[in-house]
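Given next are the chains, with one letter for each unit.
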Amino acid sequence: MRVGLFVTCLVDLMRPSIGFSALKLLEHAGCRVVVPETQTCCGQPAYNAGDAKAVRGLALKFMEEFAGCDYVVAPSGSCAGMIRTHYPDLFRAEPEILAELEPLCRRTYELTDFLVSVMKLERVPGRFSGSLTYHDSCSGLRELGISRQPRALLAKMPGVRLVEMRESTTCCGFGGTFSLKFGDISARMADHKCDHGEATGADALAGGDLGCLLNIEGRLRRRGNHTTRVLHIAELLAGEEGQD
Amino acid sequence: MECSAGEFKHRAAQKLGDVKLQAALRRLQDKFVDGRAAALAELDGFDSLADAAAAVRERALADLDGYLLRFEREAIARGAHVHWAETGADANRIVVEIAAAHGVRTAAKSKSMVSEECGLNHALEQAGIRVTETDLGEYILQLAQEPPSHIVAPVVHKSKEEISELFHEKHHTPRKTDIAELCREAREVLRPAFLGADMGISGANFLVAETGSAVIVTNEGNGRLVTTLPRVHVVITGIEKVVPTLEDLATLLRLLPRSATGQAITNYVSLLTGAKGERDPDGPEQMHVILLDNGRSRLLGDELQSILRCIRCGACMNHCPVYQNVGGHAYGWVYPGPMGSVLTPAYQGLENALDLPHACTMCGACGAVCPVRIPLPDLLRRLRERQTERGLRPWRERLALRLWAWTAKRATLYAVGTRAAAWLLARAGGKDRLLHRLPGAAGWSAGRDMPAPPGRTFRDLYRERGRR
Amino acid sequence: MSARQRILARIAAGLGHGAEAGANGAVDGYIERHPRGPVPRRAPDLVPRFREQAERLSSTVLEVPAPGPVPAAVAAYLAAHGLGTETVCWPDLAGLPWAASGVRAAARPARAGDMVGITGAFCAIAETGTLMLLSGEDTPATVSLLPETHVAVLPAARIVPAMEDAWDLLRAERGVPPRAVNLVSGPSRTADIEQTVTLGAHGPYRMLIVLTGEDFDDV
Numbered sequence: 001m002r003v004g005l006f007v008t009c010l011v012d013l014m015r016p017s018i019g020f021s022a023l024k025l026l027e028h029a030g031c032r033v034v035v036p037e038t039q040t041c042c043g044q045p046a047y048n049a050g051d052a053k054a055v056r057g058l059a060l061k062f063m064e065e066f067a068g069c070d071y072v073v074a075p076s077g078s079c080a081g082m083i084r085t086h087y088p089d090l091f092r093a094e095p096e097i098l099a100e101l102e103p104l105c106r107r108t109y110e111l112t113d114f115l116v117s118v119m120k121l122e123r124v125p126g127r128f129s130g131s132l133t134y135h136d137s138c139s140g141l142r143e144l145g146i147s148r149q150p151r152a153l154l155a156k157m158p159g160v161r162l163v164e165m166r167e168s169t170t171c172c173g174f175g176g177t178f179s180l181k182f183g184d185i186s187a188r189m190a191d192h193k194c195d196h197g198e199a200t201g202a203d204a205l206a207g208g209d210l211g212c213l214l215n216i217e218g219r220l221r222r223r224g225n226h227t228t229r230v231l232h233i234a235e236l237l238a239g240e241e242g243q244d
Numbered sequence: 245m246e247c248s249a250g251e252f253k254h255r256a257a258q259k260l261g262d263v264k265l266q267a268a269l270r271r272l273q274d275k276f277v278d279g280r281a282a283a284l285a286e287l288d289g290f291d292s293l294a295d296a297a298a299a300v301r302e303r304a305l306a307d308l309d310g311y312l313l314r315f316e317r318e319a320i321a322r323g324a325h326v327h328w329a330e331t332g333a334d335a336n337r338i339v340v341e342i343a344a345a346h347g348v349r350t351a352a353k354s355k356s357m358v359s360e361e362c363g364l365n366h367a368l369e370q371a372g373i374r375v376t377e378t379d380l381g382e383y384i385l386q387l388a389q390e391p392p393s394h395i396v397a398p399v400v401h402k403s404k405e406e407i408s409e410l411f412h413e414k415h416h417t418p419r420k421t422d423i424a425e426l427c428r429e430a431r432e433v434l435r436p437a438f439l440g441a442d443m444g445i446s447g448a449n450f451l452v453a454e455t456g457s458a459v460i461v462t463n464e465g466n467g468r469l470v471t472t473l474p475r476v477h478v479v480i481t482g483i484e485k486v487v488p489t490l491e492d493l494a495t496l497l498r499l500l501p502r503s504a505t506g507q508a509i510t511n512y513v514s515l516l517t518g519a520k521g522e523r524d525p526d527g528p529e530q531m532h533v534i535l536l537d538n539g540r541s542r543l544l545g546d547e548l549q550s551i552l553r554c555i556r557c558g559a560c561m562n563h564c565p566v567y568q569n570v571g572g573h574a575y576g577w578v579y580p581g582p583m584g585s586v587l588t589p590a591y592q593g594l595e596n597a598l599d600l601p602h603a604c605t606m607c608g609a610c611g612a613v614c615p616v617r618i619p620l621p622d623l624l625r626r627l628r629e630r631q632t633e634r635g636l637r638p639w640r641e642r643l644a645l646r647l648w649a650w651t652a653k654r655a656t657l658y659a660v661g662t663r664a665a666a667w668l669l670a671r672a673g674g675k676d677r678l679l680h681r682l683p684g685a686a687g688w689s690a691g692r693d694m695p696a697p698p699g700r701t702f703r704d705l706y707r708e709r710g711r712r
Numbered sequence: 713m714s715a716r717q718r719i720l721a722r723i724a725a726g727l728g729h730g731a732e733a734g735a736n737g738a739v740d741g742y743i744e745r746h747p748r749g750p751v752p753r754r755a756p757d758l759v760p761r762f763r764e765q766a767e768r769l770s771s772t773v774l775e776v777p778a779p780g781p782v783p784a785a786v787a788a789y790l791a792a793h794g795l796g797t798e799t800v801c802w803p804d805l806a807g808l809p810w811a812a813s814g815v816r817a818a819a820r821p822a823r824a825g826d827m828v829g830i831t832g833a834f835c836a837i838a839e840t841g842t843l844m845l846l847s848g849e850d851t852p853a854t855v856s857l858l859p860e861t862h863v864a865v866l867p868a869a870r871i872v873p874a875m876e877d878a879w880d881l882l883r884a885e886r887g888v889p890p891r892a893v894n895l896v897s898g899p900s901r902t903a904d905i906e907q908t909v910t911l912g913a914h915g916p917y918r919m920l921i922v923l924t925g926e927d928f929d930d931v
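Protein sequence lines, in the order shown, are assigned to chains A, B and C. Take 1 as the starting number for the first sequence in my numbering and just add one per residue. Take 245 as the starting number for the second sequence in my numbering and just add one per residue. Take 713 as the starting number for the third sequence in my numbering and just add one per residue.
Be aware that one or more of the hints could be misleading.
Distance condition first, Cα-Cα at most 27 Å in a straight line; then the derived DSS-like pairs of lysine-lysine [to be verified]:
1. B:414 to B:404
2. A:53 to B:653
3. A:181 to B:264
4. A:181 to B:404
These are computed hints drawn from the structure, not numbers from a lab. Every value quoted in this text rests on a predicted model; they were computed, and no experiment measured them.
Isolated chain A, as found in the complex:
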């Protein structure tokens, strides 16, 4: 099975270890993984800012790069959601493009969803030991229905004790450019997330979207919390947490 890894622009720049973790997990699951070197960004920032036109070129580029793949997997519910649910909308009036693009979009998965729903992964290599609380990132949760998949995978790690926080499904305040345009509201939302996360007393807060994690960690550190670790689910599952 040929699986294309869509690394995502944020992982590429800010935390490559998540990309390598995803790669390791996919290979562990028995996939033949290809990583198209020309991939960049799914275009979601421009799409959500109201510039759908700017995204069309990126969607076509994606289609070309991942054309031969049985599946495309991204370690991000937000990018996978962008591709799977919004790319086809950009070409509703162009049936020829849609005919090629739409099936590829339908085969695009968020990492944990893919590992659970498609690969039916039985064992995971991660060895994290300690308590964890999980933040449900919005796009993954509401566009792709990702909620039980990461928890099911964490349950396969005997050292992990999952402690659910209050309002785990409430937005952390990231929202891409929202965090820049409305920094004060965004930081307040992150505050609530930090409060709920800290209240669990968990050693680490985990999530499936790097954007949210940077936001939450950034606020935690600014508040003076330098002990709660903030980890991507891929790093945990691959046993690569703490590596760059």
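Please arrange chains B and C on chain A, whose structure you already have, making use of the hints.
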């Protein structure tokens, strides 16, 4: 009502610092969010009911003129008068004319967001008519001379201490701290207003085309009083409120109170059809229904049409993490939260509410809870696109996004750029590997650090690994 | 052109159909069929369901075997709550033996100052514990509204499963709705102050529902 949605950012900042408001918003969230969840859990399935409710509203909109005409025919047959108003000012003029024709000097009003849209109270006062708001929340706001901050719980922003102080000052009564005592005081002050009013003014949650009825959904009973006791009853409502049949009404009534306050049904649902008959011992002698357009018809056939399905339950704002933190007044017009961020630009002009469609993280909570399946995030995104299309976004934002998209299409250039950025950001991270300041992104770094990257992109590391 | 014509023209233009929508057969045809939406399935026992729901809404529910004992049951309730014996009642309930139980029931619309109002109900809805009251010559709407206590009396046989059944009953027995159809579910309440539920906003503070085992025809 004057629109001041342009001041969203400034107001929101103030509201974030308002400790009392923050406590009030927390309370709203606890009661309404949890209440809704519990009330919906009792149903066999929210999804099938919401699909049916959306279909009911869509059916009404798809033949809106037909259903309005049928409503009008039935209402007139039952002795009501039906008026059509293109703007809020027209609606106000019609109410004032009805008042003049029947020697009306005092009016008692139940809650109506449409009348807030029109600024009806002001128009009535200008015409020398004394008008009393009788919904407890709206009455408190009338005393305080403030606009509502929530479409269901208009005075959610005020604590009982503030209300106690207000009653003490305006009623000249001893201060009360018990909520039940405050409610009784308002009841006693307001009873004469009901009994003495010449005109009762209400909104309508729905109009039923089949029967020509106006439907009012209330808990306090003031809606029943203003539509029963005064000799003239005026309904003022939007043209989109019509539903075809009583069965359709039943479908919507299963979702409206549950979504709004977590109630399976409100204390009162009143179906008002025509004026008092010859042998009726009570009820108004005149019933007038004003059908207000005020921008609604322009949304038909538009990509925003689905916002006209809205049944004003408030679930979208109760679940919106932005509303939860800034409250309704920050939004600057009648309707706050996600539905307001669509309606305000739609009715008041895109250029007068530039921030509202962007004041949203696209978290999707509003769309997920909407009982009539309005795709609110999609509508907000569409409004953002319209801003872009009409050149209403700041040039720096446009340039940055275009540059990003342009670069992202050129893999080699992109690789060079990100390689440099990764290196720079890693260096700037320092010993604690945190960026405390981000030039050009003060919105982020004013309240947050940015965890610094390790310094090399995935792309470079992966290629290197391949070579090894 | 009137405002009405302009609004209708804009709607027709927006929807992309002709201005003659008044003659639209789809509208009348759908109303004629008035199909039901999804109605939640409930347990078949209507009285227990109604009772449970009404009690959840802070109403008191009593069951008596026949209309005859109603006044005594009401008298006992009024006495237990210290509500006196002066009441105003729907004229169509004036025939019950009120005086024999020491209750004075004035058959007329309610006025300011009336403390207890006694009404019947057209029917009741088990799904939500709701009463359906119709206004009319002998059923004034004020009686269920102005007094601080509302007593409603109806045969248990008039409880229907869902709101849709109540509308069917209304169509079958009355054709069209009267001036006011009031669906009443418990005493009035408000949660406007700090979202704290308080009973007795502008309508009644308390509500007694008396279900009778037999119909009123024998009264």
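Verification of the hints:
1. B:414 to B:404: Within the cut-off at roughly 15 Å; holds.
2. A:53 to B:653: Within the cut-off at roughly 13 Å; holds.
3. A:181 to B:264: 25 Å, holds
4. A:181 to B:404: Cα-Cα ~35 Å, so violated.
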